[in-house]
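Spelled out, the chains give:
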Amino acid sequence: MSKDRLDIPDYNSLFSEHRFVEQRLNKRQFEAPCSEQETAEALAYSQSAEYMEKNFNRKAVVINPHKACQPLGSIMAALGFEKTLPFVHGSQGCNSYFRSHLSRHFKEPTPAVSSSMTEDAAVFGGMSNLIDGLENSIALYKPEMVAICTTCMAEVIGDDLSSFIGNARNKGVISEDFPVAFCNTPSFVGSHITGYDAMMKGILSYLYERSGLEAAPGSGEETGEKLNVMLGFEPYTGNFAEIRKILEAFDTKYTLLGDHSGNYDSPATGEYEYYYGGTRLADVPLAANALGTLSLQKYTLKKTQDYIAEAWKQQITALSTPLGITGTDKLLEAISELTGLPLPASLLEERGRVVDALTDSHPYIHGKRVALVGDPDLLIGLIGFCLEVGMEPVHIVCSNGDVDFNEVKFKEEAEALLASSPYGSEASLYIGNDLWHMRSLLLNDPVDLAIGSSHLKFAAKDANVPLIRVGFPIFDRHHMHRYPILGYQGALNLLSLIVNTVLDELDRNNSGFNYDLVR
Amino acid sequence: MGLDIEANKKLVEEVLEAYPKKAKKDREKHYQINTAEAQTCGTCALKSNIKSRPGVMTPRGCSYAGSKGVVWGPIKDMVHISHGPIGCGQYSWGTRRNYANGTLGIDNFTAMQITSDFQETDIVFGGDKKLEVIMREITEMFPLAKGISVQSECPVGLIGDDIEAVSKKMSKELEMPVVPVRCEGFRGVSQSLGHHIANDAIRDFVLGKADLAETGPYDVNIIGDYNIGGDAWASRILLEEMGLRVIAQWSGDGTLNELEIAHKAKLNLIHCHRSMNYMVEHMEKAYGIPWMEYNFFGPSKTYESLRAIAALFDETIQENCEKMIAKHKPVMDAIISKYKPRLENKKVLLMIGGLRSRHTIGAYEDLGMDIVASGYEFAHKDDYEKTFPMMKEGTIIMDDPTAYELEELAQKMNVDLVGSGVKEKYVYHKMGVPFRQMHSWDYSGPYHGFDGFKIFAKDMDMTVNSPVWSLMQKKTKAQKEEASI
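For the protein sequence lines, the chains are W and G, in the order given.
If you count by our numbering, then the first sequence holds residues 102 to 620, one letter each, in order.
If you count by our numbering, then the second sequence holds residues 12 to 496, one letter each, in order.
Rather than coming from a laboratory, the hints here were simulated on the basis of the structure.
It cannot be assumed that every hint is accurate.
Estimated spans, in silico, between C-beta atoms of each pair [said to hold, decoys possible]:
1. Glu39(G) / Lys346(W): 45 to 53 Å
2. Asp173(G) / Leu144(W): 45 to 53 Å
3. Lys40(G) / Leu126(W): 47 to 55 Å
4. Asp222(G) / Asn127(W): 52 to 60 Å
5. Phe157(W) / Met303(G): 35 to 43 Å
6. Arg578(W) / Thr327(G): 14 to 22 Å
Here are the simulated DSSO-like cross-link-like pairs (lysine-lysine), alpha carbons at most 27 Å apart as the crow flies [what the hints assert, rightly or not]:
7. Lys334(G) / Lys277(G)
8. Lys243(W) / Lys486(G)
9. Lys243(W) / Lys397(G)
10. Lys21(G) / Lys397(G)
11. Lys423(G) / Lys243(W)
12. Lys512(W) / Lys160(W)
13. Lys486(G) / Lys184(W)
Cβ coordinates follow ideal geometry from the N, Cα and C atoms, glycine included.
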């Protein structure tokens, strides 16, 4: 291969060639560009405190937000169930966007269909689109359940899903017993996490209510329905494997409600099968007989939790994503309490190993000032992790943070958590703000590290802060979602990401003499 | 050598058997097997640019995607408001890779998501007042922005907002172009209407609004190149090397001024005819500017296009053109002699937007590869009329093919490479079928021009011949049966 190697520069080196630099300069005569001085001044201004004040005073425009819309989350929720086809009722472009967005993160296919509503449907309603869509999608993709969510178009014109599905049954397009769950997910309400919740509640309530079973909490222990576990809008397929490992160490029987790790981490076998893994549909009504339900995204899963507490009369333990040692301790205590089982020795040993790793690395992470961006539950987990290892959260932006749990706002809980540690004293929380605000924060009050999704890369670059990719979406790095971040193992993975970024930075910024071999 | 016409007809029939009656009847109209007759008669029976069937998993997007995502989004010195709820702008933020020089957030606003983030109150009370505030705030946040466009999302058109009135008022107040674009996602049947609506907005609000101090005999525009991975730059360099002066680049790495002065050119060169033909036709009518379609994929088509372009100018340009071709040809020949033996006779299935399914054929053929099936998401009749003559007999031509159809065809035709989008990509990875994402060049590129062809050839070889495919332990039929018991 190497002997006939040809010079083929990639886009980085190609466009830095002289001829392209010249082309760029020459093109400016037609661009009516701002002068270099104007641009330099505008750049400097955009970095200033004065600009930051204006930036924080804007009332209407949203710039680089860190949230997506409801139906995106609904699709993820639907893919957590066995042989379930997500169905988006409304404009077809939305569905193509959801499929692309999720596939860019997971590097996996996202099967989902749309009812392809167009202008005539905007006038007459989308009933015939929905009915034809059910007929076609079931014939082609052979799901065992269809899970319908809506786009803003269908919501604005007020389509009635329940009656449309009823009409599809009356017309014989689907049989009386073919399961079709649904939820309403207008994009002008909530975010991707509330959309996840809406679909999760839609599926659980639908499958339970149609089963005719009467919830008897605790009665399922003998048959295996002991504990239900929900991970929520979970961007890490690795977290599913980790929670399984933990539950299996407890030797408890459990049901994962909503497990999209099959669909989003399927093997390459030479054949594509549309549906992989997921919670068995038959297991959902049985889950009503479990002792209790453990939720690992209490802000995301609010309506689902309420439903389980009311309709299934179950004990609910709701946590935020259990990150770090303390977070995982809480997780294990919760499992132990819900199941009555002792803490497994293997996990305690694992805990010790990870704490050992933390002691090894603490000199490089202690006192590091960090900026955090993410969904509310992820942020609670990340804040907890930072505080327990001596990292100092400084700027925390949560675009979709206007949520509460047990009548406590996310902001209050996060602030109380920060106030509980000396390492939290520098932190400020920005709820409903966006990454353009974060850019001002990073430039005006610098930090050492930024932790968040790929969307944070622009602000991080402008402020020359290294970005540690955690959360959703991660488009520009591969396979990070395959490694868990929850549990003790997850804490080790997070630690490795962070400490090795710090060490890379030390090498990158070395002065020659301190390009150390041993660190 | 042609492909087996009858066998492929039968194959398509078999694939469409899976549909319910009504959908099957519709889908049959979107397929045609190329024949000698179809190659020459200039018409085709195949139906296109009509509604997708619900529930079939169409690859298509929407008008907003065609306007904001394709045409307007790359105009770098304007701020494009994704007007409506949060999602549309979020999903189209920086994913198309239309490269632009400049400083992001200062004098370049391409890879950004600027939105009105509609809440329920905006739906109930309307978003017009908010839109005004947004525009004022944009000028505060981005003082160097040269203009603003309003990219409408579905609710805007449904709740009866008057973005035209707001834009008119604010254009006066802010003393800059403010362009309302009615590209709500439910309009039309695909991205295509969004292109048209976006073109009309350029025509009505921008074109002809500025002057070019000095014009010259060699002034041309590049139209319909979105600079994916730097395509427009790799194209422009050839036109300039030939002695032409590119005065406007639409719209990849483009600026408001280039939209405004384009009417001063002597010739419009259009690459993506599907998405910008409306503009070149308008400029021909309104300003008498002739236009020609060109194709810079693969050396054969590039030589052909360069010569055709040069033929419209004087001898100096024609001589330059020949000199340039003579200079680049040995490099292109070296690329072909390296990669062709590794790619010869490989079977390719393409399903892309509205142009590349035919435009890239030459590049594949330069490498000795065979296109056995080709389809478009949102092409029109005229695109198909141009496609049939470029294809071998027996090639399957398809319109708006569904995920199911593509998967069945790729497997049954035993293709060596599929070129399509990110929604499709990972399906083929499961199947063990080499795949290139041909909308954003699979995060590579450029693919245009001579610089681009080198990368194209290298990428195709890398993907078709990667040893990773051979690591796959494909399930045997027996194993599958066992697993299903």
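Verification of the supplied hints:
Between Glu39(G) and Lys346(W) the CB atoms are about 51 Å apart, so this pair conforms to the stated range of 45 to 53 Å. Checked against the given bound of 45 to 53 Å, the beta carbons of Asp173(G) and Leu144(W), roughly 36 Å apart, lie outside it. One distance hint, 47 to 55 Å for the beta-carbon pair Lys40(G) and Leu126(W), holds here, with the actual separation near 52 Å. Distance hint check for Asp222(G) and Asn127(W): the Cβ-Cβ separation is about 19 Å, which falls outside the suggested range of 52 to 60 Å.
For the hinted restraint 35 to 43 Å between Phe157(W) and Met303(G), the CB-CB distance of approximately 52 Å leaves it violated. For Arg578(W) and Thr327(G), the Cβ-Cβ distance of about 50 Å falls outside the hinted range of 14 to 22 Å, so the restraint is violated. Using a Cα cut-off of 27 Å, the hinted pair Lys334(G) and Lys277(G) holds, with the two alpha carbons roughly 23 Å apart. Distance hint between Lys243(W) and Lys486(G) is fulfilled; the C-alpha atoms sit about 21 Å from each other, no more than 27 Å.
For the proposed pair Lys243(W) and Lys397(G), the alpha carbon gap of about 37 Å is over 27 Å, so the pair is violated. Our distance criterion of 27 Å between C-alpha atoms is met by Lys21(G) and Lys397(G), whose separation comes to about 25 Å. For the hint pairing Lys423(G) with Lys243(W), the CA-to-CA distance comes to about 20 Å; that is within 27 Å, so the pair holds. Straight-line distance between C-alpha atoms of Lys512(W) and Lys160(W) comes to about 20 Å, which keeps the hinted pair within the 27 Å bound.
With a C-alpha separation of about 20 Å, the suggested pairing of Lys486(G) with Lys184(W) holds against the 27 Å cut-off.
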